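Q: If you want the building blocks of each chain, they are given just below.
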Amino acid sequence: MAASMRLLVRRVIRLSHRNVNVTAAGLPGRSGCCWAPSSCRCFSDAAGDKNTHFGFETVSESEKAKKVYKVFENVAQKYDVMNDAMSLGIHRMWKDMLLHVMHPQPGVRLLDVAGGTGDIAFRFLEYVRSQQERQKRRVARSMQTPSWQDISNNYSTEEEDGPQESTAVVCDINKEMLKVGKQKADSMGISAGLSWVVGDAEELPFDDDQFDIYTIAFGIRNVTHIDQALQEAQRVLKPGGRFMCLEFSKVTNPVLARLYDTYSFQMIPVLGEVIAGDWKSYQYLVESIRKFPDQEEFKGMIEDAGFYCVRYYNLTGGVVALHSGFKL
Amino acid sequence: LLGRLSLWVNHRQCVLISRALCVQQLHSSSAGFTDGSYDGLYPGHIQTTPMQKALLAVGSGVAALQNPYRHDMVAVLGETTGHLALIKLRDRMRNDPEGYTILTERPRIRLSTLDLNNMASLPDGSFGREYLRFLEDNRVTPDSRADVKFVDDEELAYVMQRYREVHDLLHTLLGMPTNMLGEVAVKWFEAAQTGLPMCALGAVLGPLRLNTSRLQSLFTSLGPWALQNGRRSRCILSIFYERRWEQSLEDLRQELNIEPPPVTLSATNKSST
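Keeping their order, the protein sequence lines are chains A and B. Just so we're aligned: 77 in our numbering is position 77 of the first sequence, and the numbers increase by one with no gaps anywhere. Add 1000 to the 1-based position in the second sequence for our numbering, that's all there is to it.
Just so you know, these hints were derived from the structure itself, not from any lab. As the structure is a computational prediction, the values presented were derived from the model and not from experiment. Honestly, I wouldn't trust all of these hints.
[What the hints assert, rightly or not] The list that follows gives simulated cross-link-like pairs (lysine to aspartate or glutamate, DMTMM-like), each with its CA atoms no further than 25 Å apart: (1) B:K1053 x A:D96; (2) A:K78 x B:D1147; (3) A:K250 x A:D96; (4) A:K50 x B:D1039; (5) B:K1053 x A:D84; (6) A:K70 x B:E1098.
[Said to hold, decoys possible] Anything over 12 Å on all C-beta distances counts as not near chain B; from chain A, calculated: (7) K50; (8) E57; (9) R129; (10) R141; (11) F206; (12) Q210; (13) E273; (14) D278; (15) K280.
Think of the CB as a built atom: it goes at the ideal place given N, C-alpha and C, for glycine as much as any other residue.
Chain B extracted, bound-state conformation:
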């Protein structure tokens, strides 16, 4: 039994890693200039003038609206419009002892830093086990987040990167799958929590793509729940998730002041809206 478990875990690791590698190749092709040495404040940083940032914000906004699957455009929109919100987030993190630890230690959530074997062996209901289940059910990998490019402060760039990497963990905490309705619910939560204009935009425009029954569910139960919890919960970026895999999910939710979701959504195909 143990042998089969380890085989199954290895297979799962291979699947996740191979998917991450495909994404890695996607990034390395355009990041080919950065190699070992980089100019700018951090690897991948591109200096931009205020005019370029304005043009980028407008252009990426239009591109993201035209094709919502262009995650890189959503990322650029977030970076170019989120300066004030990032400062507020950073200050919130600094005032929280655990958040301050994160700002100094700068952990990154990537497949290489996660110990999948260990997480798979955790009991059901623990945070690590549920996160792994979420990754598999929705067929996503934590390595698909674009690097930050246009934030002109090294620490704020890390806050932005942390926000992106925590997004999947937030899905697990809120119990939301990655279909359109789940994503919109998470966006509402994030908009209430972080105040990033990109989240607000996504929160407003996301519902336009939902059918009526889901819209109803969103406006009556999921939406208000997401907004309320976004406002009252502790700052989700201030949690050192990497050290809390063994903690039970319910326990973590209570600590963060998040209620469990009013409606349980299943991880259906992403194509159905």
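Okay, chain A solo, but in the shape it has when bound:
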């Protein structure tokens, strides 16, 4: 009894010390708003605000977006390094698989939502470029021994490079992630056909029927209202457009599932602490994976949003699932 009273008194003293620190610093703006949200949370009633999950924690829906933003703001600089460390480089295979299934042809417009550091967009541009080169080589090979008819035809046709230009738009709600992505693009020397847009997956800043392909890789589980994001995807895709989603999912094999769980909960937050100095963000990551619906349920959600021919591919035994659907 006495111990808990002591704890309470100590906590009050510590809180009042923190208050003193805030006023002594003489910076009303910044430290004031650090203090305000916690006191608001104590006194506001959550009656009008629905609750959702943030990892294994329960928070109000308005809170979740803010907390997710904070997580990605913190991890942005080390995001790529951490991906390599946590997945032992396998995430590259998953993303390559996405492109392979997508098989984009030159001239398509891609929208990569929650694309942050640009992995999918870079791969897309690379794929399309190599496709174009393959086509050119094929054309050149077929013209090794041209007939007079072919030569006269080739004089009249021009190189159609303009309409074949593929563009990729990377959209992310988090400015830090986009910043890191832009830096990567600059260092890789990629600039043509790439644009960076700040936007919310639940409310995209694009007109209807704009894009041929919509991708969202490892981003949709962070969205507060997944159904809204799916509806937005429906809206911005052209008729005939393809929706593709890479996301962590349920492992089917029970032995692998045990190993995966142990690895996730024991190893990944430790890696987060050692490499990025941030335990809690990576704890959130592994918890949010558990909260996301499984393959069949997510397939149902995509169908509800109005997509057809929805199917999924399990990668690495179900650790990651690639869902695909068409707007017809």
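Assemble the complex: chain A is given as a structure, and chain B must be docked to it using the hints.
A: This is chain B only, laid out in the frame that chain A set:
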């Protein structure tokens, strides 16, 4: 003259506080989850399984060796490997009357709890004045210590935190600057005193980064002095420093059974080793 003194002190306060704020922002970004309410035994506490602690110890050790400027990794290494040493330290504190007072009152050394004006006005040679001089000469602030995260006992976590916060005061007591040689000397003292594995590791690996002349100085005079004094001095965590600013430094050293340093080192740039 008084006006100029107060201006100068205010400027110094601003400099120290602004540096502390930069560090504060660094911490608050990752501590954004703790806000007002926290789960765990104390603010910032993260529950960990034994396997996670083992992995953390190995990982932080490797990270700290690769990049010694990652103070957070050194801190994590200390927390995950120091359980037994912390228990011994806590018991030593309990057996000392002043240490027991500290364990009950839980003082924290932060800029907000220090009265810099008062300390600046103390006479030269007093503990408070020398501490302030140390902070300025070496351009450090007491607010740059990471919070304890992985110790699973509330009291031991406080002992760990106290150890971190007393580190700068120890520099003043031993008269060591914050360059590599000074840090290694303090680490040897701390290793002998506390028995924390992280201190021992730092004591062994620190000298690897010193050049030969400093190594010589370390092994011939500074090192033995640090080890001897570490062993025989009173427990440095048991001293209520916050109430002893007016005490003269020599007096405090005698009380703690610490000899003055055999070699006086100046506070040179941290980059020179």
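Q: So which hints don't hold here, by number, going up?
A: Per hint list: 1, 6, 8, 13, 14 and 15 violated.
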